[in-house]
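This is what each chain is made of:
There are 2 protein chains.
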Amino acid sequence: MSEATANAGPDSALERFLDDTKDARLESFKALLRIASISGIPAHAADCRIAAEFVAADLRGVGMEHVEVSETGGHPVVYADWLHAAGAPMVLVYCHYDVQPVDPLDVWESPPFVPVVKDGQMLARGASDCKCHVSMHLRAIEALMRTRGALPVNLKFVIEGEEESSSIHLDAWLEANKDRLKADFAVISDTGFFEGNLPAITVGLRGLVYFQLDVTGSTIDLHSGGYGGAVDNPINALCAIVAALKGPDGRIRVPGFYDDVVELTARDRAALARLPFDEEEYRKSLGVPALHGEPGYTALERIGARPTLDVCGIWGGFEGEGPKTIIPAHAHAKISCRLVANQDPEKIFGLVARYIEEVAPKSVRYSIQRLGDGKPSLTPIDGPATQAAARALMATFGAEPLFIREGGSVPVCASFESILGLSTLLLGFAPPDGRFHAPNEWMSMANYEMGIRAISRFWDEVAAVEAF
Amino acid sequence: MSEATANAGPDSALERFLDDTKDARLESFKALLRIASISGIPAHAADCRIAAEFVAADLRGVGMEHVEVSETGGHPVVYADWLHAAGAPMVLVYCHYDVQPVDPLDVWESPPFVPVVKDGQMLARGASDCKCHVSMHLRAIEALMRTRGALPVNLKFVIEGEEESSSIHLDAWLEANKDRLKADFAVISDTGFFEGNLPAITVGLRGLVYFQLDVTGSTIDLHSGGYGGAVDNPINALCAIVAALKGPDGRIRVPGFYDDVVELTARDRAALARLPFDEEEYRKSLGVPALHGEPGYTALERIGARPTLDVCGIWGGFEGEGPKTIIPAHAHAKISCRLVANQDPEKIFGLVARYIEEVAPKSVRYSIQRLGDGKPSLTPIDGPATQAAARALMATFGAEPLFIREGGSVPVCASFESILGLSTLLLGFAPPDGRFHAPNEWMSMANYEMGIRAISRFWDEVAAVEAF
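Quick note, the sequences are listed as chains A and B, same order.
The first sequence lines up with residues 1448 to 1915 when you count with the numbering used here.
The second sequence lines up with residues 1448 to 1915 when you count with the numbering used here.
Derived by calculation from the structure, the hints in this document are not laboratory data.
Being a predicted model, the structure only gives us computed values, none of them experimental.
One should not assume that every hint holds.
Identical copies carry no separate label here, and so any pair may be met within one copy or between two of them.
Stated by the list, open to error - Result set (EDC-like, lysine to aspartate or glutamate): computed pairs, CA atoms no more than 20 Å apart in a straight line:
(1) 1809 x 1728
(2) 1809 x 1726
(3) 1794 x 1725
(4) 1731 x 1748
Just chain A, same shape as in the assembly (with noise of 0.2 Å):
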């Protein structure tokens, strides 16, 4: 039996269950939405806890084991496993039940802990980021464990409560338990889609190098009448340094800088082409005068598949009104570089220090502090993981995914690539205008529907493939 038609046909008993038990299962869904566990605010710590004791008590009700609600230090992680699929897959997947705060509250329609459903949309703080995936993914073991008594593969759940504040406490926790974490790859649910209700399948990410660049002249701000001609400006030579780090044309100029860059395929290339995207529209709403970046790429392949450079903040002088003349003592600029498949963070950072001290003018002083950095991601198409879930998808929605590179990073794929050596399918269904961390946030029902499904096809293609 090929791979592609593994479970082509319905689950007719798993789809009956599933239509019985829709009440009780919206009840469900809006209990654990009514729990404030908002994890960036200490007054709601014990919400927080609350939500998980919730989580893990509905682990255990659907068949889950070894349930445990698992301190870090902060927000408990929910941990549970299912390992009696002898020879199938084993699989970790990733959901977290913390949320956002819900400022402004007086822009909300209805209270962001009342979940309400009006014209098939579930609105709730936490109603796409990311309950319905806690949510979705029970469900779905629910009605593969009512209907069979089994499940089609080996799951291990690392559900977090501290996402929506840095996940401070995740990285040590999944260290400490590397060994009961083993897994053939991860399903992080946690990304959306990226129109309507076509479904997508995220398959980049972008990572990233941060870093301060404080140039100085003078001891103190001089009189620019004095001493202008005389001595250099910070300032002049900080716009210098970055003026040399991108080219006009949106190029990075730092020598080496795109050499280990993954160039985009005609596959890739199609797969982006493929998405619902008009740069005029785009441009429009972001109120530019033209989009602008590196040539020979349209926008949504150098969003997410290319590399860039931005200054994110520039400081030094005089910012008051009116004119001052000083030659200033000292300039700062917060740079970001974000990284693409298979750029490696401390190497671009190498490569971007070297440069700056190779173009930095001699007659200033300037130091470099790193702020941060990240990893980029990027699952290929035609691997497994993804041509199960995009089988499921397809199958359960009646269209080809989208398969979609964010621009930004998801922290946690790097912590489980580099702690847990796995790779990661981004598997979710949050619709892409679902207004997470803003009021009036709100899930599709059809989705959420939809999904449980999806997820549930899914434990069956992936028990059907023979290797990861």
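Since the structure of chain A is already known, use the hints to place chain B on it.
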């Protein structure tokens, strides 16, 4: 009788008078210094008026006529004239009677308005900036009138009370009094020596074009992950514009910028090279790794005789602690060009604005706000007023005066030139390290005494000049 030897011999009666009246002169200088005429602090408005009345009374006492404490809308201008030297030149003399605030008070060795002479230094606020010049001019008039009953030239005095608070009412007052301020040239006494007690004449002042450059991109700050590579970054664009304005060698790249610059003659360069100045000492005192500027010129030549372009302030995006990954919506810079003779601020601004239009990326929008300008001024070293002053200084101090080009501006010069159509001679006697505007301001009493004699001689030298 050639100009060069017109009054080479000392006026022994005048010398004797000055020797005999030294104590009274010191008391009268101290009396003026006791008045806390801080123009920038409203609570001292009455003191400013007292100072104006004091100066007016002194002018009357020495025999000046038409003495008037003239209203300006702010602190008054003191006007006086003496117009009985038939056929002799007419000279307008400018000084100011107001002073800077005294903070931080606890750093003063003695109270700022209790003048004390110690080691030949008069310690008081306003001692060198610029009540010394008011006092020296009055005492020179007094000596001439008492010993000869007349002055060798026709004089008009304009003694301002708002120089330390931007001379805000002066231009309107000059405009309103244009007719009675007609003269052959103006003497502005508000400058000083270059080093020690070597006499000096300031022959060059730089002008100014000052503007703010505002660059805008998207309507709101964007996530640098989600948008980086798709749109231009206003900070990067601003840095590119700034870098385009001036080359790494310090030469301004705006086409036509140097067209009207009066090149240094061999004589100009020799005059600057005579100044006691050590570039390495200067570099160390500023704490910079290297001096920097247009190739082919010394630091003093660049400060005094070459235009510059400096960013006085820059800001945009995130300036806080740590990393924040945004493409900011806007970025800003305050830019000053120091101009030299014969650059016209209006023309230079036009050239800079056109060049920015040419180099600014089309992927952002920008606007320019003008925040101020001033014309440069350059007095020919061999002009008749300068040479008359040089002879008087040589005869008094026994050393050829140094000819200084200041990098900054004296705004009143531009006003005298543009409103009254007068060329200006900068004749001042303040010590270069006199702590103007700072605690423990002081005046060299040797320079004060010599200055009175030099001014007296100067009027005789001016009287002997056939035409200005």
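Evaluation of the provided hints:
no.	hint	verdict
1	1809 x 1728	between (45 Å within a copy, 18 Å between copies)
2	1809 x 1726	between (42 Å within a copy, 17 Å between copies)
3	1794 x 1725	neither (35 Å within a copy, 44 Å between copies)
4	1731 x 1748	within (19 Å within a copy, 51 Å between copies)
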